[in-house]
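Number of protein chains: 2
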Amino acid sequence: MAPFDPAESMADVGEFAVIDALVHGRVQPPWVLIGPGDDAAVLSSSDGRTVVSTDMLVEDRHFRLDWSTPHDIGRKAIAQNAADVEAMGAAATAFVVAFGAPADTPAASALQLSDGMWHEAAAMGAGIVGGDLVSAPQWVISVTVLGDLGGRAPVRRDGARPGDVIAVAGELGRSPAGYALWRNDIRDFEALRRRHLVPAPPYGQGRVAADGGATAMTDVSDGLLADLGHIADASGCRIDVDRASLGADHAAVADAAAAVGGDAWEFVLSGGEDHALVATFPGAPPAGWRVIGRVAAGPPEVLVDGDTWRGNRGWQSF
Amino acid sequence: MAPFDPAESMADVGEFAVIDALVHGRVQPPWVLIGPGDDAAVLSSSDGRTVVSTDMLVEDRHFRLDWSTPHDIGRKAIAQNAADVEAMGAAATAFVVAFGAPADTPAASALQLSDGMWHEAAAMGAGIVGGDLVSAPQWVISVTVLGDLGGRAPVRRDGARPGDVIAVAGELGRSPAGYALWRNDIRDFEALRRRHLVPAPPYGQGRVAADGGATAMTDVSDGLLADLGHIADASGCRIDVDRASLGADHAAVADAAAAVGGDAWEFVLSGGEDHALVATFPGAPPAGWRVIGRVAAGPPEVLVDGDTWRGNRGWQSF
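Respectively, the protein sequence lines represent chains A and B. Last residue of the first sequence: 1683 (my numbering), numbering continuous. Last residue of the second sequence: 1683 (my numbering), numbering continuous.
A portion of the hints provided could be inaccurate.
[Stated by the list, open to error] Facing chain B, from chain A, some residues (calculated, C-beta under 8 Å):
no.: 1; residue: E1373
no.: 2; residue: P1395
no.: 3; residue: A1406
no.: 4; residue: T1415
no.: 5; residue: T1419
no.: 6; residue: M1421
no.: 7; residue: M1453
no.: 8; residue: V1494
no.: 9; residue: G1495
no.: 10; residue: Q1503
no.: 11; residue: T1509
no.: 12; residue: G1512
no.: 13; residue: A1623
no.: 14; residue: V1625
no.: 15; residue: E1666
no.: 16; residue: F1683
[As the list claims (entries may be wrong)] Stretch by stretch, here's where chain A covers chain B in the computed footprint (C-beta under 8 Å, at least three residues):
no.: 17; region: 1629–1637
no.: 18; region: 1655–1665
If you are wondering where the hints come from, they were derived from the structure by calculation, not from laboratory data. Cβ atoms here follow ideal geometry from the backbone N, Cα and C, with glycine treated the same way.
Chain A with its partners taken away, still in its complex shape:
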């Protein structure tokens, strides 16, 4: 049962009463020494180190309120931040969240957003330990994730070496396919459209990769080729993606691509926001990972089937 009448706005309820409702009854994991309600939260880490990353989501730029429910938006904001921590070989342990919204926003929407965030955080056993609630002309959500390496060495982007294989955990192409469906007002392909609203990072596979000897890793947020480009640049080597190994991803979005008049390979190779993990390994990757190419000596560049890719390479914010 929602504690707010659907007609009550943030202004009606007031900042402190909304915060009370957002915090009420949430159960924090054991490493949260102090949770919400004080000037700051306090966490313990298992090895004295903390992984940290932040992302901002802006209404009509990163989500639309006529496509996503507040619950979906909350899940997405947590998922994409958690993926950054996974990509270091760590586990997300806690989040802090700042939420800006117009004063006439229903207070119930803030609670649904928070419920979505807690739903997604529960998938990895993390807590939401603090936040800020402010007035803004449109919805803006800023999430910072903290993570724990559990004694592992962090997996950076600069460790790929010639001879390594490239492998992926999670799925590619679904989020951009879903986005194209939404944009074209096509109401079929429910699963793809859902995936655009709520990505599905392969939680836990970051640690599996680190334990399995990954030499470099990142998550697919800008697009597979763009994100591999970051690894190629940081590692100073050439990366060659084998399209034949991506047949399942291509097949999963081929009908949707046809429906929107798009190119399924563009979705798989250049579409962002799937938040799969891509890593390099000196030998066979661990279970849960599939090989999609090889690292070679040469100038930093990303090839597809040994050739320059002529399509779009990925997303920039401006």
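Knowing the structure of chain A, use the given hints to seat chain B on it.
Relative to chain A, chain B alone:
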């Protein structure tokens, strides 16, 4: 020398080139094991615990681009977050920053904002270790601060006990006085107007208070009476503020109050954003702190000179 031509916008330069310029040449403190440039940063803490807090600042709500330079805004965003960590008895060690701005924003403004953040972070020896840069309809800045307790017990809001004294480190009333001057288009009182744009938290005094036996502490962000109300509520006791002890703060803003037709006591008691620290101590406070009242048994409430305060009590976001 700025690396951007003043005419170049964020869209002209592009996300990744702007980020490169923001990151270039910054020197991180020794506890930053991995700084910007990967999926996440990695920090070490001295005692295995991490303090974390977050704040969002929205253009025309928390700052105005016709009053503040980007450098001022950067300093303010860092200062108000650092104050939350000080208020736990900790030291701010690192920040992550998300910045949203229109695509036609000069790229040089982003660099000035970042320079201001680094200027303020340098005052406490902290680094800015990561961030996000996105397109937004107006400026939005979200900062998350991480802090280190250095083995101290965190100072919460719920430890005030009858008989404790209340003490303040830092100055009160200046920021609200400056705000009233700006609002009334009065161009005198430069120091007060500056203080509104860039608060001056008493860095280091949070640890001094913790070492000096503080039983409860918070920073003055919503207004002295409102913030003491949080301590009274959490600790379950009555707090009585002695106005005679605040004579210096009153005197510092009296002329400005007269110029705007305002009440200097309102600035001192109810104005927010000064980010002074207020704490309770079972005995005499340490050097740098001045006694401004007493904690007494009784229902949670904040009195002024033994009486209910009839003015405004503080700030809420909605």
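For each hint, the structure was consulted:
1. E1373: Hint violated; E1373/A Cβ to chain B Cβ min 11 Å, cut 8 Å.
2. P1395: violated (13 Å)
3. A1406: holds (5 Å)
4. T1415: holds (5 Å)
5. T1419: holds (4 Å)
6. M1421: holds (4 Å)
7. M1453: holds (5 Å)
8. V1494: holds (7 Å)
9. G1495: Status holds, d = 6 Å.
10. Q1503: It holds, given that the least Cβ distance between Q1503/A and chain B is near 6 Å, below 8 Å.
11. T1509: This interface hint holds because 4 Å falls under the 8 Å limit.
12. G1512: holds (7 Å)
13. A1623: violated (31 Å)
14. V1625: Violated, about 24 Å.
15. E1666: violated (16 Å)
16. F1683: holds (5 Å)
17. 1629–1637: Per the Cβ count (0), the hint is violated.
18. 1655–1665: Coverage by chain A is violated here, the residue count being 0 at a Cβ distance below 8 Å.
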